[in-house]
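Next come the chains, spelled out residue by residue.
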Amino acid sequence: MPTITIFKQDLEGLLAAPGEAPLPITMEQLEESLMLVKGELKGQSPDTGELRIELQDSNRPDLWCCEGIARQIRVKRQGSLAGYDFLTTKSKSPKQLNVAPGMEKVRPYVAACAATGYRVTQEGLAQLIQTQEKLAEMFGRKRKTVSIGLYRLAAIEFPVAYDLVKPDAVTFTPLGMDTVMTLGEMLLVHPKGLEFGGILAGHDHLPVLRDAKSQALSFPPIINSREAGEVRVGDDALFVEVTGTDLAMVVLTLNIFAANLADRGAVIEPIEVRYPYKTVLGMAIMTPQDLGKSRKLPVSTIEQALGQALGAQEVVKALTDYGYEATAKGKYVTVTPPFYRQDLMHAMDVVEDVAISRGYGDFLPVMPSQFTVGGLSRVEEVSDRARALMVGMGFQEIISNILGSPRDLRDAMRLEGTEWGQLVEVDNVMSQNFSALRQWMLPSLLRVEAASNRAFYPHRLFEAGEVARPDSTQPLGSHTVTVLGGMIAHADAHFSEAHSCLDTLFYYVNQAYSLEPIQHPSFLAGRVGSIVSEGKQVGVIGELHPEVLERWQIAVPAVAFEIDLTELAERS
Amino acid sequence: MDISSLIDSLHPLEVKVLSTFGANHSAILQTEQLIQSTKLEPSQLSMAVEWLLAKSLLAVESETVTPIVSLTKIGELYFEKYSPIERVLSAARDAAKTGKRLTIQDIQSREGLEPSDVSGAIGRLKKEGALLIIQGGCIESTGRPSQTAETMRGLLQQLHGAPRGLQAFPEAQRQVIQDHSVKRGNAREPFRIDDRVARALKLSVTGAEAAQQLARQRTAEEVSQLTPELLKDGSWRTKRFRKYTISLRAPRIAPGKRHPYREFLDTVKTKLVSMGFQEMRGPLVETEFWNMDALFMPQFHPARDIHDVYFVKEPTHASSIAEPFLSQVAQAHQTGGATGSTGWNYPFDTERARRLVLRSQGTAVSAHTLAAQPAVPGKYFSIARCFRYDQVDATHATDFFQVEGIVLGEDINFRTLLGLLNLFAREVAQAKEVKFLPAYFPFTEPSVELHVRHPKLGWMELGGAGLFRPEVTLPLGVTVPVIAWGLGLDRMAMVALGIHDIRELFTDNLDLIRSTRGAF
Chain A
0 MPTITIFKQD
10 LEGLLAAPGE
20 APLPITMEQL
30 EESLMLVKGE
40 LKGQSPDTGE
50 LRIELQDSNR
60 PDLWCCEGIA
70 RQIRVKRQGS
80 LAGYDFLTTK
90 SKSPKQLNVA
100 PGMEKVRPYV
110 AACAATGYRV
120 TQEGLAQLIQ
130 TQEKLAEMFG
140 RKRKTVSIGL
150 YRLAAIEFPV
160 AYDLVKPDAV
170 TFTPLGMDTV
180 MTLGEMLLVH
190 PKGLEFGGIL
200 AGHDHLPVLR
210 DAKSQALSFP
220 PIINSREAGE
230 VRVGDDALFV
240 EVTGTDLAMV
250 VLTLNIFAAN
260 LADRGAVIEP
270 IEVRYPYKTV
280 LGMAIMTPQD
290 LGKSRKLPVS
300 TIEQALGQAL
310 GAQEVVKALT
320 DYGYEATAKG
330 KYVTVTPPFY
340 RQDLMHAMDV
350 VEDVAISRGY
360 GDFLPVMPSQ
370 FTVGGLSRVE
380 EVSDRARALM
390 VGMGFQEIIS
400 NILGSPRDLR
410 DAMRLEGTEW
420 GQLVEVDNVM
430 SQNFSALRQW
440 MLPSLLRVEA
450 ASNRAFYPHR
460 LFEAGEVARP
470 DSTQPLGSHT
480 VTVLGGMIAH
490 ADAHFSEAHS
500 CLDTLFYYVN
510 QAYSLEPIQH
520 PSFLAGRVGS
530 IVSEGKQVGV
540 IGELHPEVLE
550 RWQIAVPAVA
560 FEIDLTELAE
570 RS
Chain B
0 MDISSLIDSL
10 HPLEVKVLST
20 FGANHSAILQ
30 TEQLIQSTKL
40 EPSQLSMAVE
50 WLLAKSLLAV
60 ESETVTPIVS
70 LTKIGELYFE
80 KYSPIERVLS
90 AARDAAKTGK
100 RLTIQDIQSR
110 EGLEPSDVSG
120 AIGRLKKEGA
130 LLIIQGGCIE
140 STGRPSQTAE
150 TMRGLLQQLH
160 GAPRGLQAFP
170 EAQRQVIQDH
180 SVKRGNAREP
190 FRIDDRVARA
200 LKLSVTGAEA
210 AQQLARQRTA
220 EEVSQLTPEL
230 LKDGSWRTKR
240 FRKYTISLRA
250 PRIAPGKRHP
260 YREFLDTVKT
270 KLVSMGFQEM
280 RGPLVETEFW
290 NMDALFMPQF
300 HPARDIHDVY
310 FVKEPTHASS
320 IAEPFLSQVA
330 QAHQTGGATG
340 STGWNYPFDT
350 ERARRLVLRS
360 QGTAVSAHTL
370 AAQPAVPGKY
380 FSIARCFRYD
390 QVDATHATDF
400 FQVEGIVLGE
410 DINFRTLLGL
420 LNLFAREVAQ
430 AKEVKFLPAY
440 FPFTEPSVEL
450 HVRHPKLGWM
460 ELGGAGLFRP
470 EVTLPLGVTV
480 PVIAWGLGLD
490 RMAMVALGIH
500 DIRELFTDNL
510 DLIRSTRGAF
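Same order as they appear, the protein sequences are chains A and B.
For the first sequence, numbering that gives the first Met the number 0 gives the first residue as 0, with consecutive numbering after it.
For the second sequence, numbering that gives the first Met the number 0 gives the first residue as 0, with consecutive numbering after it.
Derived from the structure by calculation, the hints contain no laboratory data.
Keep in mind the model is a prediction, meaning the values are calculated, not measured.
Don't take each hint at face value.
Quick list of in silico lysine-lysine cross-link-like pairs, BS3-like style, CA-CA up to 25 Å [as the list claims (entries may be wrong)]: (1) 72/B - 182/B; (2) 292/A - 89/A; (3) 270/B - 38/B; (4) 270/B - 434/B; (5) 41/A - 455/B; (6) 143/A - 277/A; (7) 125/B - 41/A; (8) 75/A - 434/B; (9) 72/B - 99/B.
Computed list of chain A residues with no C-beta within reach of chain B, every gap over 12 Å [what the hints assert, rightly or not]: (10) 107; (11) 152; (12) 175; (13) 247; (14) 360; (15) 367; (16) 449.
To list a few chain B residues with every Cβ distance to chain A over 10 Å, as calculated [as the list claims (entries may be wrong)]: (17) 104; (18) 319; (19) 394.
Think of the CB as a built atom: it goes at the ideal place given N, C-alpha and C, for glycine as much as any other residue.
Given only the sequences and the hints, what does the whole structure look like? Please build it.
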């Protein structure tokens, strides 16, 4: 979900046709219009007209720029998409871009166009750069599948070559530096080389764009040349290229740039890309290119999904208003998305666009009428009963993070190297404090006890909640269990106090149990027992070992028990 | 005010006066009698009586005013050292015996008397014929007695230390007393006449009750605690229980109680059950398959990378994924399979599908339910703990609850989806106004964001929802439309609990947990 910065006056200019007076928009109108693009105004500074807008739809990269937002609003106001004749006019001798053999193994696809007649403004340049960055970052998966280069057209002689060269065979001065270096050096020292070099890892030949004079334009997807690849305010002829690993995404990205520049008044000149290998679009591809496929849908599919009878004409109107080409024939509509979109996977995507185009407010809410019976899971019922009993016995409920640290969950409990100390641990640790799922409840209770020596005594704490126990017999390698942990801490806390509570609990959940002496490092020897019910261990009870208390820096004795509620729930 | 609290409010002086009436409720007691039996100072008694009258516990039966004569300090001095009239007369008689001439100045200087006293005395004696003023300002005794001097002496002796009623004196003496009593403008006189108010007092009805109660209390033994023994033998009837100062702060106790956040979630849970939702549960550790693949999130989706999801260290992969779901989901991703979709058009990695992660979204639980032959029509919910690879701060927790669910049915469509969201807005957020905004989720189409006007928070996003994409439902064996919904309740919970930092939902501060009231 990218958040972009645009300027209100720029948006107002783009709402009008190129060369015409800007169309002012009030903030209320803007907020209303943002529903068309799933945008949310996150901030604004009325002085500069700066607007920060979050675009929700990660499948609509065409909307991640001022031009795209303006276009969607403009289409809705005009009732259809118009212009963009560069998609259909054909040049007899188009500029060419030639792809080198072997590129299919490195970074197979490229698309490019020229744009002339639009003099780049400050705002326009800021938008171009922002769009370039957002598309490469979020749509192009950090330049891996798509990256974009912008150049001054005047400096370039065609045909341009998309070549594969050895790392030291080509040198140029990259943007942001003032010395000539080889591609290999750029990977080693340039910040962008360090950041994105991994994309080319393992290749002994690297991609480079060069013009007919063998002037290096850029090292995709890393960095442009400072000479040809630095667009400035005032330039009125641009060359745009997109390279990547997915042809459809590469072409779509170029389409978006072509649309954006056309919206600002540029004349788009398509370029022919010639491949030495086969692609799904052939070996010579004119770009930009409309890849939109038409789809035939029953009107009833849309009506059923929306819960509203609209009729074919209304559907066609809603979609045309939203930029589609749509025609109705009988009970069917045939729709083609605009050339800057490729996000239609299913009829349901069209359904949503009908709803957005008409406005969600156009649909009257209806209550689902079918009758269902509500209820809790058995383990939740058992848990609620146990919680009520604990409250009745004077225990304060607490609630804790399930993600904790092995230090607290295992080491401070004296469980290193024991069966009880096994944990589900996190691989990509951000903080040791949150690097393992709790395998039992007592550390959660001790966490509160350790922080509360100033709270007046006695302390009676409990928590009912989930823990994860490693279990190699489970498909997931662990088992999520709901347990109840209770703890009593005060100067005279002793075993029988906890035992009485345990006894009461088992009485009221109507289960028999017995205590069997065990050895458990967390508890004092001889004052710890396994809670056994119907021949199964369902918990543990004991006086906490002084060393455990010391490690938690707790200065009063504590007794505790823990019961497996999942086990009890499965029986009843 | 009842009698007991009335008695509790009495001053000890009042108690003493009331007790004097004792058992004799109808007695009429004079102020004098009260002074004698209470042994109080007259001023104390009068204070106590005034208070009791104000509280209507006493009533005045009758009232008599008696002028009482007493000696002033001057009077006591005259008693010791004779009054000016006596001393002037005595000086004149001494002079007569010795034949000396006695001037007024002589008397003044010899006797140390005030000129006004001397002239007053001489004037009175001359009038009575006991003195003569002869030529040269000399005075001479006539030898005749002075009635005033004799009366004065008698009065000083009678009244020394013993005030008496004025009326007890004969007319002549009364005249002397009145002539020589303290008046305004003349403080140097031997006598003082005070009006003594003598009241006859009796108890009012309430006063009688109070006096009875006081009498009982005086006889009962005071105990601090009602004991089983006192109850058993009925002896509590003869005991008096020590009164407590109940305005003191109560000793603090720590009750057993639910955690306020769990209490909030319990309310949500109950609400969902009441709306016909059945609870579903799922494991904390999930496969990427159920966590994401089954939800039609392509394996290259940015939210699936190492910076968004926690991966499990050991074992790294699940032993297997149930068929036919694995194959059907793989086909949906690759080509759309039988779902009518174009699919994502990339090679689906089944190894990746088995990769174990910590559940990152509650929708994983819904995916399991879809694959487990759910009821149609059916409504399900889960309050599932989820984990995200986030820096922990005031608004991001590393594990948190997601409230999510699904609704399956033949009548499910975009409008019933909006209807369900309306219901949530009303029931969960008590909101009357809602807005539906277009939204994006990888697994739903159309997708909606539900914004509501919360009574306290104003406009807020309450949740997201949509119709599950056919690429989600069909590979899991569900052929009816399905609503997927999720509610974002953390902000509501934080407001209900009065906290501003999401980490405090899981606080380790017992004092804070104990003292948080929670919402109800």
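Evaluation of the provided hints:
Our distance criterion of 25 Å between C-alpha atoms is met by residue 72/B and residue 182/B, whose separation comes to about 14 Å. This hinted pair checks out: residue 292/A and residue 89/A have alpha carbons roughly 20 Å apart, not beyond 25 Å. Taken as a hint, the residue 270/B and residue 38/B pair is broken in the structure, with Cα atoms around 75 Å apart against an allowance of 25 Å. As the CA atoms of residue 270/B and residue 434/B are separated by approximately 22 Å, the hinted pair is consistent with the 25 Å bound.
For the proposed pair residue 41/A and residue 455/B, the alpha carbon gap of about 22 Å is at most 25 Å, so the pair holds. Between the alpha carbons of residue 143/A and residue 277/A the distance comes to roughly 21 Å, so the proposed pair stays at or under 25 Å and holds. The suggested pairing of residue 125/B with residue 41/A is violated, with an alpha-carbon distance near 118 Å, which exceeds 25 Å. Among the hinted pairs, residue 75/A with residue 434/B is consistent with the structure: their alpha-carbon atoms are about 21 Å apart, no more than 25 Å.
Distance check on the hinted pair: residue 72/B and residue 99/B sit about 34 Å apart at the alpha-carbon level, beyond 25 Å; violated. Taking the minimum C-beta to C-beta distance to chain B, about 15 Å, the non-interface status of residue 107/A holds against the 12 Å cut. Annotated as non-interface, residue 152/A keeps its C-beta farther than 12 Å from every C-beta of chain B; the closest such distance is 33 Å. At the 12 Å boundary, the C-beta of residue 175/A stays outside the reach of chain B, the nearest C-beta of that chain being 25 Å off.
With a least beta-carbon separation of about 8 Å from chain B, residue 247/A fails to lie farther than 12 Å from that chain, contradicting its non-interface assignment. Non-interface call for residue 360/A relative to chain B: violated, since the shortest CB-CB distance, roughly 7 Å, does not exceed 12 Å. Not every beta carbon of chain B lies more than 12 Å from that of residue 367/A, the smallest distance being close to 4 Å; the non-interface claim is violated. For residue 449/A, the condition that its CB be more than 12 Å from all CB atoms of chain B is violated, with the nearest at approximately 7 Å.
With a least beta-carbon separation of about 91 Å from chain A, residue 104/B lies farther than 10 Å from that chain, consistent with its non-interface assignment. Consistency note on residue 319/B: stated as away from chain A, yet its beta-carbon is not over 10 Å from all of that chain's, at 6 Å minimum. Every CB of chain A is more than 10 Å from the CB of residue 394/B (nearest about 15 Å), matching its label as outside the interface.
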